[in-house]
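Colleague: Going down the list, the sequences are from chains A and B.
Note that my numbering has the first sequence beginning at 1, numbered continuously upward.
Note that my numbering has the second sequence beginning at 1, numbered continuously upward.
Since the hints were derived computationally from the structure, they do not count as laboratory data.
No false leads were slipped in.
No copy is singled out in the list; a pair is fine if it fits within one copy or between any two copies.
Below, a list of computed lysine-lysine pairs in the DSS-like style, where the Cα atoms sit at most 30 Å apart: (1) K145 - K12; (2) K276 - K343; (3) K3 - K231; (4) K235 - K145; (5) K172 - K235; (6) K172 - K231; (7) K145 - K172; (8) K3 - K172; (9) K3 - K235; (10) K12 - K235.
Given next are the chains, with one letter for each unit.
2 protein chains.
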Amino acid sequence: MLKAREAVRSLKEYHPPLSGRAGLRLDFNENVSGCSPRVLAKLRRLVPDRLARYPERQSVEHAVAEFLNLSAEQVLLTNGVDEGIHLLCGTYLQQGDEAIIVVPTFGMYEVFVQQTGACLVAVAADPECGFVFPTASLLAAINQKTRLIAIANPNNPTGRVVDQDDLLRVLKAAPAAAVLVDEAYYDFYGETCLPLLEQFPNLFVARTFSKAYGLAGLRVGILASQAAAMKQLRKMASPYNVNVVALACLESAIADSDYVSGYVREVRAGRSLVQKELQRLHVPFWHSQANFVLLRIGDKCLDFVRAMRARGILVRDRSSDPGCAGCVRITIGTAAHTAMLLKALPECLQELSSCSGPALPPAKAAM
Amino acid sequence: MLKAREAVRSLKEYHPPLSGRAGLRLDFNENVSGCSPRVLAKLRRLVPDRLARYPERQSVEHAVAEFLNLSAEQVLLTNGVDEGIHLLCGTYLQQGDEAIIVVPTFGMYEVFVQQTGACLVAVAADPECGFVFPTASLLAAINQKTRLIAIANPNNPTGRVVDQDDLLRVLKAAPAAAVLVDEAYYDFYGETCLPLLEQFPNLFVARTFSKAYGLAGLRVGILASQAAAMKQLRKMASPYNVNVVALACLESAIADSDYVSGYVREVRAGRSLVQKELQRLHVPFWHSQANFVLLRIGDKCLDFVRAMRARGILVRDRSSDPGCAGCVRITIGTAAHTAMLLKALPECLQELSSCSGPALPPAKAAM
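Please model the entire structure based on the sequences and the hints provided.
Modeller: Structure follows, in structure tokens:
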């Protein structure tokens, strides 16, 4: 009888809670205001002949490499960061290996690691210590079997970052492991470890155009490393993994840096306002360097999500993430979105506290 | 030191000869006339908000399932058939397993099988026997370790097909193997094994919108099987594997059946004309059920490709495929493209034979 590999059979099914997302979508860390008008103009100029041709990734890969100050051999465009993670796991992991992640974090690391049959080692960041990056525990978890370490920086869903010194310690401690630094939220933070690529053959950096650039629907990410490592990864990928529309739009997207920097400025200002308001309202939260904030509502977390939805705002319950009991993640958007959010926040919290019992835990988690 | 898995290191690099494809592109089996005007209209109506959202595959998957007379649980949309093959190999194959392919065939089976560390068993179809499907050799190659059998029907690059009786024998002989029937060229043939899905839990059928539908650039394929098997495969895929533009356009593409059937009629008529002309010119070829014809030019194969290119027509040298020494594959397009091809063909052959030596092998390969 036909039987999937054991590693696949033991995988959980993943159902992203996507359908019926009507309202202000502050639940998926997308750029809710959309992409640059130049991208749309490019999309509308596409001709049928272009759609009918197999995509040619190379010239856009060159342009993106130049944009990142890397050589073209160092950069692979991927069908979203998801594919980058998939390829990385497929290239380096097999049964008997170990892969380390720092939880809570982006859910797809676990999925793609477990597919390979490798053992997933989850090192926990402590919410009571501000979800600070657990460098010591991570270093202690590295052993002879470690073949992959995945670090989101800034991290999702906490918004917390890793100091470069800590990254350096990890990179040095695990020369036989692929160390992925996933910079999906780089634009909202501003610090990158791309310059470390030259020094560390085990470093891989991922970027995405799904967040700041407003192109989540187009599925385009980047995986970068030294040329020798990328040569191996490139063998694993379909030559036609990124579609023509994504390729065409990407060139327009990186050309319009004003659009992205303007949006990022708004998000940063909004993030600051929202965090101030949470402080004023005594809602515990974690200081974020990304385009979202994680807050702890407590037992009435789902009521809060519902109350926000009733006001037309979608936010994401993250209760089931490790260390995130009672937590909600809210994406920060433009100034207009932030104004809507700042109006709804106290109303919803008021609504919860007017029901029975204490709505909020002690404020000590706020850092 | 960082080291890719052995199976990855031993993989060859794959460089599709894509760049600089100027002229009439009869080299990649695309629909050179492009997609339905409805698809283009849909593309141009897309709004930035749609591009900025993560794609929701489900509703389009339902529509495609209905289009194929299957249930939604049986169908997974993939980032081209390439991703379908990748997922299938990843779900069923591991080191120690065997996977059988019938060569010559589509090159990506080999790539994705070898990535898993499974052993690739290539059963050859004999060009001197018309590349007829080698049922007996294939059945003889099946053993306890066989976990995947990939069959392109019609096959690429030969255009040859497998009888349903032979498929049934394979399906019955290998109940513990995933049997992939890749129907990428189904539209030009007209026979499908989709109705067999009900009966065989080990059958997987792939389809693509890259060929007849003229959407190669959008990257969208289908993998179908019984619901239980698809549940395993779905766990392996990113929930956002197909981009929003592809999803939006796909609905318009399947709605415009007139466009596709009109195009397919032209291709079939063209195929017949080209095969008659090849007969008249005493050029050996194999009768094709796809949108291309494989012909044997012989030693001067590359000269022929160059002579065609000089006339603005790109065709594909397939000399390095098993059994295809001296062979060229020519895509069949619309009536206008066929007219150009029929003009260029005798001119190029004339040019070759006016050089020294016999240009053509004996005609016995023509079947």
